[in-house]
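> Work out the full structure, taking the sequences as your base and the hints as a guide.
Chain by chain, the residues:
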Amino acid sequence: MPSFRKARALAALVIVANGVIPALWILLTSMKTETELMRVPITILPDTPTIANYVRVFVDQPMLTFLWNSLAVATLSTVLCVFVSALAAYAIVRLRVPMGTLILSGIVLVSMFPLISLMVPLFQIMRTVELLNTWPALILPYAVLSMPVCTLVLASFFQDIPQDLERAAEIDGCTRLGAMWHVVVPLAGPGIFTAAILAFVNAWDEFLLALTLSPRVPARTVPVGITLYQGEFAFPWPIISAALIVAIVPICLLIVVFQERVVGGLTAGGVKG
Amino acid sequence: MARVRVGPLERAERRLGYALLAPALLLLATVVLYPIATLLWTSTQQLHLAQPWLEGFVGWENYARAMDDPRFWSSLGTTLIYVAVTVPGAILCGLGLALLANLPFRVKWPVRLGLLLPWALPLVFAGLIFRWFFEYEQGLVNAGLGLLGIEKQRWLSTPDLAFVATCAAIVWKSSSFVALVLLAGLQAIPASLYEAAAVDGASAWQRFRHVTLPMLRPAIVVALIFRTITAIQTFDIPYAMTGGGPGHSTETLAMYVHRTTIDVLDFGYGSALAALMFLLSLALTSLYIRQTRRDEGGG
Numbered sequence: 005m006p007s008f009r010k011a012r013a014l015a016a017l018v019i020v021a022n023g024v025i026p027a028l029w030i031l032l033t034s035m036k037t038e039t040e041l042m043r044v045p046i047t048i049l050p051d052t053p054t055i056a057n058y059v060r061v062f063v064d065q066p067m068l069t070f071l072w073n074s075l076a077v078a079t080l081s082t083v084l085c086v087f088v089s090a091l092a093a094y095a096i097v098r099l100r101v102p103m104g105t106l107i108l109s110g111i112v113l114v115s116m117f118p119l120i121s122l123m124v125p126l127f128q129i130m131r132t133v134e135l136l137n138t139w140p141a142l143i144l145p146y147a148v149l150s151m152p153v154c155t156l157v158l159a160s161f162f163q164d165i166p167q168d169l170e171r172a173a174e175i176d177g178c179t180r181l182g183a184m185w186h187v188v189v190p191l192a193g194p195g196i197f198t199a200a201i202l203a204f205v206n207a208w209d210e211f212l213l214a215l216t217l218s219p220r221v222p223a224r225t226v227p228v229g230i231t232l233y234q235g236e237f238a239f240p241w242p243i244i245s246a247a248l249i250v251a252i253v254p255i256c257l258l259i260v261v262f263q264e265r266v267v268g269g270l271t272a273g274g275v276k277g
Numbered sequence: 045m046a047r048v049r050v051g052p053l054e055r056a057e058r059r060l061g062y063a064l065l066a067p068a069l070l071l072l073a074t075v076v077l078y079p080i081a082t083l084l085w086t087s088t089q090q091l092h093l094a095q096p097w098l099e100g101f102v103g104w105e106n107y108a109r110a111m112d113d114p115r116f117w118s119s120l121g122t123t124l125i126y127v128a129v130t131v132p133g134a135i136l137c138g139l140g141l142a143l144l145a146n147l148p149f150r151v152k153w154p155v156r157l158g159l160l161l162p163w164a165l166p167l168v169f170a171g172l173i174f175r176w177f178f179e180y181e182q183g184l185v186n187a188g189l190g191l192l193g194i195e196k197q198r199w200l201s202t203p204d205l206a207f208v209a210t211c212a213a214i215v216w217k218s219s220s221f222v223a224l225v226l227l228a229g230l231q232a233i234p235a236s237l238y239e240a241a242a243v244d245g246a247s248a249w250q251r252f253r254h255v256t257l258p259m260l261r262p263a264i265v266v267a268l269i270f271r272t273i274t275a276i277q278t279f280d281i282p283y284a285m286t287g288g289g290p291g292h293s294t295e296t297l298a299m300y301v302h303r304t305t306i307d308v309l310d311f312g313y314g315s316a317l318a319a320l321m322f323l324l325s326l327a328l329t330s331l332y333i334r335q336t337r338r339d340e341g342g343g
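For the protein sequence lines, the chains are A and B, in the order given.
Take the first sequence: its position 113, counted from the start at 1, is 117 in our numbering, and no numbers get skipped.
Take the second sequence: its position 295, counted from the start at 1, is 339 in our numbering, and no numbers get skipped.
There are no misleading hints in this set.
Some chain A residues flagged as far from chain B (calculated, every beta-carbon gap over 10 Å):
1) Ala-56
2) Val-59
3) Trp-139
4) Ile-165
Label-pair ranges, simulated between beta-carbon atoms:
5) A:Thr-39 with B:Asp-204: 29 to 39 Å
6) A:Val-18 with B:Ser-330: 35 to 45 Å
7) B:Leu-147 with A:Arg-43: 39 to 49 Å
Just so you know, these hints were derived from the structure itself, not from any lab.
Where a beta carbon is used, it is the ideal one built from N, C-alpha and C, also for glycine.
And the structure:
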């Protein structure tokens, strides 16, 4: 059926174009010179592609510091979040804690609190304990931010592991925690990994808390760094575009490599929530 | 009531269960519950960080002030209009994308990436990218209008157009998450239902109307809840595109709270505004949850 094949190709084109064109346009912009960008009518492809904007991204602003801060905050909050969520999910699914489902709903409910209502008191609290403009000011809230989705994903993975395997390990002389560590954790590896990617992307992307709790350059993250990238007179679009591409590339790599995991995790966390 | 007998083994298991839950609950208590309590307490105080000598308990005064504050009402109105426009917008666009993505592609990864990229970008990046699209002289949108022979528009400095532009960015950014959730729902519909409908002579539209939509309902409700919760908090995209302007025309409640506290340092009043926002989102979500419960009860 050639017409069906054509329709299918068109559908794929629509989805890919919708997702990719904005980023592609920024990529083209980032390779144009400032004079070319001033020209009217606008050009689509750069006349003389240049990497000068990319150099200026790192020279004009401490972009490496922003990247390092984002990486550190996202990684550390992910580790904390996945660890805490895994313990909670295991307790709810496997140890039949009384009111387990109620506790799970409570954890999910927390994700529905508007972040701005948390931002105001967190600013006061972090100011009192002198943590403003430090990594921990972001790591702790970010760990909680992703806790609901991580707990849901991990709970559904733990549920699928046959209980007999743990019983067998216990009969072989393992303690309950030993069985969890040696049997459940390796088998739930994919689930833990999925949860970690979701938590990492959430933390990497977060803006409001980063803007308020950690705005100063030494602990500033990438989204805040790029948004506050003001030029002397106007918005320096070529440099902003280059900075956006620098920040988008790591996310792209992550989703290209782990696309199936990400989709699976999103829908497990979403549909069961 | 007969007490269930709990053996020593089970009791040990329970104790372990509580121990494993403890870190999560502790984290929730310090990062969510204690701050919410602080917020409610501060909302009854006069607390201006630039005027520390004026601190003190004022009761409901901050809330009363909000009721008389036109900027509170206008930012609340803007927020609700954003919810009313971008939630259905994202659901419709997301449904369209999901239906397209559900076709049997031989190579799956390009489609999956096309759906994932907008989801994975930070909201502010979407805001910056669309701000560049809607620039007056160099924007792609005005260039496209020029090709059609339509006059250039000052998108980001005209109140109504700025609202349209920010909505476009929000819908683009959020429809991909909706599409992923709905796609999972579509893939869970058994093919036999469509075959049976086809045997009964149902047209494509009838199959969509009477098989796809009812089966997809739970996934749509989930997407609706998530999207509404995030729409109430709209901050990043207008912040990056218009800064709330022109005037205050695209300023949402979240942006007004941010300005009142972080820029003006009026934490007493800002806390009252944030508490009102907390209540608003609680009310809307409980409305939704009640609705879904009723759906489940009714089968």
